[in-house]
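J.: Counting in the working numbering, the sequence shown runs from 4 upward without gaps.
Some hints here could point you the wrong way.
[As the list claims (entries may be wrong)] Okay, the calculated beta carbon distance ranges per label pair:
hint	residue 1	residue 2	range
1	S189	P70	37 to 43 Å
2	D73	S221	39 to 45 Å
3	I169	P148	17 to 23 Å
4	Y211	G77	15 to 21 Å
5	D118	S216	38 to 44 Å
6	G55	M203	44 to 50 Å
7	D73	S216	29 to 35 Å
8	I169	Q56	44 to 50 Å
In short, the hints are calculated from the structure, not lab data. In this text, a Cβ means the ideal position worked out from N, Cα and C, and glycines have one as well.
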Amino acid sequence: MKRIWIVVILVGLLLAGFTGVQAQVARLQAIHNMADPQLDTVDVYISLPPFGQLAKLEDVPFRTATPFVDALAGVLLAIGIAPANSATVNDTLKNFNVTLVDGRTYVGVVNGVLDPNQFVPNPNGRDISLGFVLNDNARETSTVPGEVQFFLVHGATDLPTVDVEIRGGALLVDNITYGDFSPYVSLTPANYILDIKDAMTGNLVRAYQVDLSALADSALTFVLSGFLDPGANQNGAPLA
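Let the sequences and hints guide you as you build the complete structure.
T.: And the structure:
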C-alpha cells in the first residue's frame, strides 16, 4: 500500500510545481475492517477531483492495515471502495471524501456492510452501511515514555455498546458504541487479559490475551472486528 501513497505525494508535488504552492503532507494509516463477506477482498481507488484517478490498489484483504505513510494534505481526496478484480473506478461501490490537514497524523478505518438489509441491525440503531472512521489525532509512538498507548475502534456491526476492562483491574474504555473510537489509553508493557463486556448488562462478551510486554513506546490501534453472531450475518468472520 505504501506505493499508492507515494504516488499521491508525487502528484501533489507536481501540482505544487504548477501553482507555486508548497505541497502539504499528512501521515496516514488505513485499515480494512469491512466484515461483509462480499468485501473480504477489495480494490481501492484514490482520486483527486477534478483531475481524476491517481492510483489503484488491488486485492486488499479484510483485517489488513497499511503502515503509516505520507499522504497529500490540503486538497480533497476521493477514496473509492470497489470489488476485487474491478476494471475501472466506475466499479466503485462507495466513495469517501477526505481532506487531510498538513502536519497531522491520521488513522482511517473502513467499517460496515454493503447491504444492511442482509445483516442483523446494530443493537444501538447505528447505521451499518459502509462508513469511514477517521481519528485525526492519531500518533505513531507513545507520548508517555516507556508505556504502550492504544485507542479502540468499535467496528463490529452487531455488537452493542461495550466496556473494556483489565481482568481484575481497571476500566480502560467506557461505553463505546459501533462507529466510535476511544481516547488513547496508556498501559505499562505487560501481558494482559482484556475483558469485553456488554455495557448495559455487564456480561462478558469476549476475552482477549494481549501481550504488550515488548511494545514499550508504541502507539497501537485496536479494532473490534467481525460479527458477534456470524450465522445471522451471512456467515461472516467471527468477532475478534
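J.: Using the beta carbons of D118 and S216, state whether their distance is inside 38 to 44 Å or not.
T.: holds (42 Å)
J.: Do the Cβ positions of D73 and S221 conform to the proposed distance bound of 39 to 45 Å?
T.: With Cβ atoms ~20 Å apart, the hint is violated.
J.: Does the hinted range 29 to 35 Å hold for D73 and S216 at CB?
T.: Roughly 31 Å apart at Cβ, these two residues keep to the hinted range, so it holds.
J.: Range first: 17 to 23 Å. Now tell me if the beta carbons of I169 and P148 are that far apart.
T.: holds (21 Å)
J.: Does the Cβ pair I169, Q56 satisfy 44 to 50 Å?
T.: Distance hint for I169, Q56 holds at roughly 46 Å.
J.: When you take the CB atoms of Y211 and G77, is the distance between them in 15 to 21 Å?
T.: violated (39 Å)
J.: Taking the Cβ atom of G55 and the Cβ atom of M203, is their distance within the range 44 to 50 Å?
T.: holds (48 Å)
J.: Measuring from beta carbon to beta carbon, are S189 and P70 in 37 to 43 Å?
T.: Check failed, 23 Å falls outside 37 to 43 Å.
In summary, the structure is inconsistent with hints 1, 2, 4 from the numbered list given earlier, while agreeing with the others.
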